[in-house]
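> Below are the chains, spelled out letter by letter.
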Amino acid sequence: MKPPRFEYLAPTSLDEALAVLGEHGDGAKVLAGGQSLVPLLNFRLVRPTYLVDLNEIPGLAYIRQENGHVVIGALTRQRAVERSALVRERVPLLADAMPQIGHAQIRNRGTIGGSLAHADPAAELPAVVAALEGELVVRSARGARVLRAEEFFVAYLTTAIEPTELVVEVRLPVALPRTGTAFLEVSRRHGDFALVGVAATVTLADDGVCARCAIALTGVGPTPVVAREAARRLVGAAPTPEVLEDIGRRAASGLQPDGDLHASSQYRKHVASVLTRRALAQAIERAKGPGR
Amino acid sequence: MKERTIRVTVNGRTHEKTVEARKTLADFLREDLELTGTHLGCEHGVCGACTIVVDGAAVRSCLLFAVQMHGREIQTVESLADGDTLNPLQEAFWEHHGLQCGFCTPGFLMTLTCFLRENPDPSDAEIREAIAGNLCRCTGYKNIVTAARAAADKLATASTTSPGSTR
Chain U
1 MKPPRFEYLA PTSLDEALAV LGEHGDGAKV LAGGQSLVPL LNFRLVRPTY LVDLNEIPGL
61 AYIRQENGHV VIGALTRQRA VERSALVRER VPLLADAMPQ IGHAQIRNRG TIGGSLAHAD
121 PAAELPAVVA ALEGELVVRS ARGARVLRAE EFFVAYLTTA IEPTELVVEV RLPVALPRTG
181 TAFLEVSRRH GDFALVGVAA TVTLADDGVC ARCAIALTGV GPTPVVAREA ARRLVGAAPT
241 PEVLEDIGRR AASGLQPDGD LHASSQYRKH VASVLTRRAL AQAIERAKGP GR
Chain S
1 MKERTIRVTV NGRTHEKTVE ARKTLADFLR EDLELTGTHL GCEHGVCGAC TIVVDGAAVR
61 SCLLFAVQMH GREIQTVESL ADGDTLNPLQ EAFWEHHGLQ CGFCTPGFLM TLTCFLRENP
121 DPSDAEIREA IAGNLCRCTG YKNIVTAARA AADKLATAST TSPGSTR
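Chains as they are written, first to last, in our numbering: chain U, 1 to 292; chain S, 1 to 167.
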């Protein structure tokens, strides 16, 4: 198992990288953390003519607040996001999801932009971006465009990025006061890809009734699934166990997950329903907690 | 470029080598530097046997290319023992039967080297999570957890009695 031959390019500026992609985009693969791409290279499932390594470009790794968003540079290591106090404070759903991505050795190297651009159907980050209605900033030599999750994730391992483009930034809205979040998943082993994962965020009004709710699921389809209708059921309602149970059922009812060696389609649907209920209950508890 | 000349520090020694771009860091360590303590199991980032430490962080060396390591500082399993004297973590593995065939051991040692540096007094649950990315087919993990716990205790004692003596 050794990678095929490729021409290695290590641009030292974003402009240089975009120029390279403008010229060779079709035959090029972009190397960020390499935690998904290098296995594919080692198996020779991908055989790019050019490997464009982004790791020598300064200025693509950062986490900062800009107005109502936390913006994260695409080359930011997942471990840095996991440890960021700003993320924990302002985008708690992302902080909840981070420790569940791969293992520490993977997160030390893996990047936030790389995971999103790879678009694995069982990955955590796409569901987080979808639940929060975050945005992805994509650039080419011709300019930048901003995509929402449902525009960005197109199909299994497929995004709307053109071969000449790069994901350069993720923008996630800062959580409102009295917001609680939870990211729950079931996997065969801690750190493995999720059989099913659920991202939930709940904002309570002063009277304790739910003012906003969003739910996104991973591992149950080719792209993250946002359970809009099910989430709407909670808005304006008191979150009784019966209501949460019902929302879990609704979130799972329209799903058609593939079955495989690890879990049948029916089992995944069942887990989706149970995890949705539990994630909402946990998010609501946290929304009531001190400091929210 | 198909190859590149890199200068990299491995276990305190600086090497300058020209390497083919597609050569993984694991193969570079084993073949070019003859540091065969780093083992290769799956070669696609699942088993953890090739775990090494780059600039203080535990990473899979099968998922990096040697050409990316210019200017980096690397620590492999060969850095742990001082001649025939095992370091406290290795000693704990020895004493608590944290290995049988030993193939996965270098990966566990390097994962735990990093982990114990960052978390010197871990709970068993934290140890289990820390080693979740390393596979062992012999031990059933129980003795590895025991060894990690014992190593943490040893390091804590060592640092209170003679600061600076631990590695």
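Since the hints were made in silico from the structure, they are not lab data.
Keep in mind that the hints are not guaranteed to be accurate.
[Unchecked claim] Here are the simulated lysine to any residue pairs, SDA-like style, with alpha carbons at most 25 Å apart:
1. S/Lys-142 to U/Arg-189
2. S/Lys-23 to U/Arg-189
3. S/Lys-142 to U/Arg-188
4. U/Lys-2 to S/Lys-142
5. S/Lys-17 to U/Lys-288
6. S/Lys-2 to U/Glu-66
7. U/Lys-288 to S/Arg-7
8. U/Lys-2 to S/Arg-4
9. S/Lys-142 to U/Gly-191
10. S/Lys-2 to U/Arg-47
11. U/Lys-288 to U/Gly-259
12. S/Lys-23 to U/Asp-53
13. S/Lys-2 to U/Arg-189
14. U/Lys-288 to S/Glu-34
15. S/Lys-23 to U/Phe-43
16. U/Lys-29 to S/Ala-156
17. S/Lys-17 to U/Met-1
18. S/Lys-2 to U/Arg-5
19. U/Lys-2 to S/Glu-34
20. S/Lys-2 to U/Glu-7
21. S/Lys-142 to U/Asp-192
22. U/Lys-2 to S/Gly-83
23. U/Lys-288 to U/Tyr-267
24. S/Lys-23 to U/His-118
25. U/Lys-29 to S/Glu-34
26. S/Lys-23 to U/Arg-5
27. S/Lys-2 to U/Ala-19
28. S/Lys-2 to U/Pro-58
[Claimed, not checked] If you want the ones that stay clear, here's a sample from chain U, every Cβ over 10 Å from chain S, calculated:
29. Leu-9
30. Asp-26
31. Asn-55
32. Ile-63
Cβ atoms here follow ideal geometry from the backbone N, Cα and C, with glycine treated the same way.
> Of the hints given before, which are not true for this structure?
Violated hints: 2, 4, 5, 6, 7, 11, 13, 14, 16, 22, 23, 25, 29, 31; rest satisfied.
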